[in-house]
Amino acid sequence: MKNVITLFKRELKGYFATPVAYVFIVVFLVLVGGLTFKVGKWFDARQANLQGFFTWHPWLYLFLIPAISMRLWAEERRQGTIELLFTLPVTMGQAVIAKFFAAWCFTGIALALTFPMWVSVNYLGDPDNGVILASYVGSLLMAGAYLAIGSFVSAWTKNQVIAFVISVSGCFLFILMGTDTVLDFFAGWMPRAVLEAVASFSFLTHFQSITKGVIDFRDLVFFGSLIACFLFMNAIAIELKKAD
Amino acid sequence: MAPMIEIQNLTKRFGSFTAVDDVTFHVERGEVLGFLGPNGAGKSTTMKMLTGFLHPSSGTATVCGHDILADPIAVKKVIGYLPEGAPLYPDMTPRAFLEFIAEVRGFTGGEGARRVDEVIAKVNIASVAHQRIDTLSKGYKRRVGLAQAILHDPQVLVLDEPTDGLDPNQKHEVRNLIRAMAKEKVIVLSTHILEEVEAVCSRTIIIARGKVVIDCTPTELAARSRYHNAVTVSVAADKLTAVRHGLSLLDGVQTIEDLPSHDGAARFVLIPKAKRSIAVEVGQKVRDARWEVDELRVERGHLDEVFRELTQPTARN
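Chain order of the listed sequences is A and B. Under this note's numbering, the first residue of the first sequence is numbered 1, with each subsequent residue one higher. Under this note's numbering, the first residue of the second sequence is numbered 1, with each subsequent residue one higher.
Take the hints with a grain of salt, since some may be wrong.
[Stated by the list, open to error] FRET-style restraints, in silico, Cβ to Cβ:
id : chain 1 : residue 1 : chain 2 : residue 2 : range
1  : A       : 239       : B       : 277       : 52 to 62 Å
2  : A       : 93        : B       : 134       : 51 to 61 Å
3  : B       : 124       : A       : 22        : 30 to 40 Å
4  : A       : 116       : B       : 40        : 55 to 65 Å
5  : A       : 34        : B       : 127       : 41 to 51 Å
Simulated from the structure, these hints should not be mistaken for laboratory data. Note that CB positions come from ideal geometry on N, CA and C, so glycine has one too.
Based on the provided sequences and hints, a complete structural model is requested.
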């Protein structure tokens, strides 16, 4: 545990040691604001909720989260520091968890900086803050799932661009599974059970159910187990690939 | 007492390629082992297994009694390791980096700060301690890497090409540092600079194509050279023929090899029969004949020649 905290601190400080963190945060805030106000016409909707804000999160994360996760292990391997890291008295699990949580915490910071949205909606109207809080939790969980996938992909390559492209594609698959396009495609000829199974793997389905204001145990289990599963595979990937 | 490092039948295969092939040796406290071999011979791979970074395909090793397979964390605690190329986190400063290492090594608070200050002074990087690592010169980066390896005062120090890419002054400094630590530690270092072996190592192992080809002291290694006990003679060019002929008649001289001349002096090497010592014989002859000889030097042996002979498959047999 002590090692995890030490590694976590180094990682998190690492984000702020370069302009990457600030660029990411600014881009995230500008995009999320632009999409909510300009494209989503949040003011015109005249609704005291943040539905029009959270709708964009899965799509924004699709491109922004892989931009964070791509360097997690790819950079470590390219710099050769992976050899340094794993000859220190730390275990694979500690390193994987510390890196993941640092990245997650960083996204959490970016997400928390959208608080003016929450302030505005409370100033303008009388929203259900429980729903908003649930949505934030859901958004953070979904970000964690994207990160776990991205971290896993990053372990396979030394090339950040490759890590980025593959992560975006992988995450896109997890979004797509819940869209009508995909579900309609299966609807005609697949049994209903398969349809539901496919849909149940979608980030959209679970995220949307949380943004309705109910944090269902099943949604928590979904994101939690997905993160755990990808981090486990992440550790295996590093073990397999660290020699080259 | 058991040896500090005990490597037993260590083997590493990458697909069909065997990088390290059944390597066995031990190293005792106080020894500085020079690990030699051509590029790709398996030096780094052996070190990576010893330090717990790679899993051996078969065989194992123990470091201070801890098995690298059964208890890798204990092994990592007693080893200080400088990986090849001294990888470091480029966006940190040396101080922040060393503080991180101290914390991972379990030194917190005052003890951690004290150790960081100590190694910064030891490897002489105080002037750049607050500069980002990616702005540092190669020499400084190497020293930060070394600082990281010795911060916890490890019993076993594994250094993969510690002086690679350093200028002669920096090499000298690093070697002094290694020599200073040699007494109470076990040091394994890889290099392909042969002079380094003579300068710091008490023992050499040459590895080629994954196998240990020789394990001896640097002196013994030099003695394997055909130039061992050879005598280099340098005379004025106009006297060359007489001196050369006179010395070639000596009993102990097998052959003569001419060297390129410079500054008007001709030079040649007398190769002795069966590597025996011919210095006295040659000196006697020179005095008796009253030749004016500019230089008479006994060769200890050429390490690079021995190295080539041992590591090139064609040179043997």
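Hints not upheld, ascending by number: The structure breaks only hint 2.
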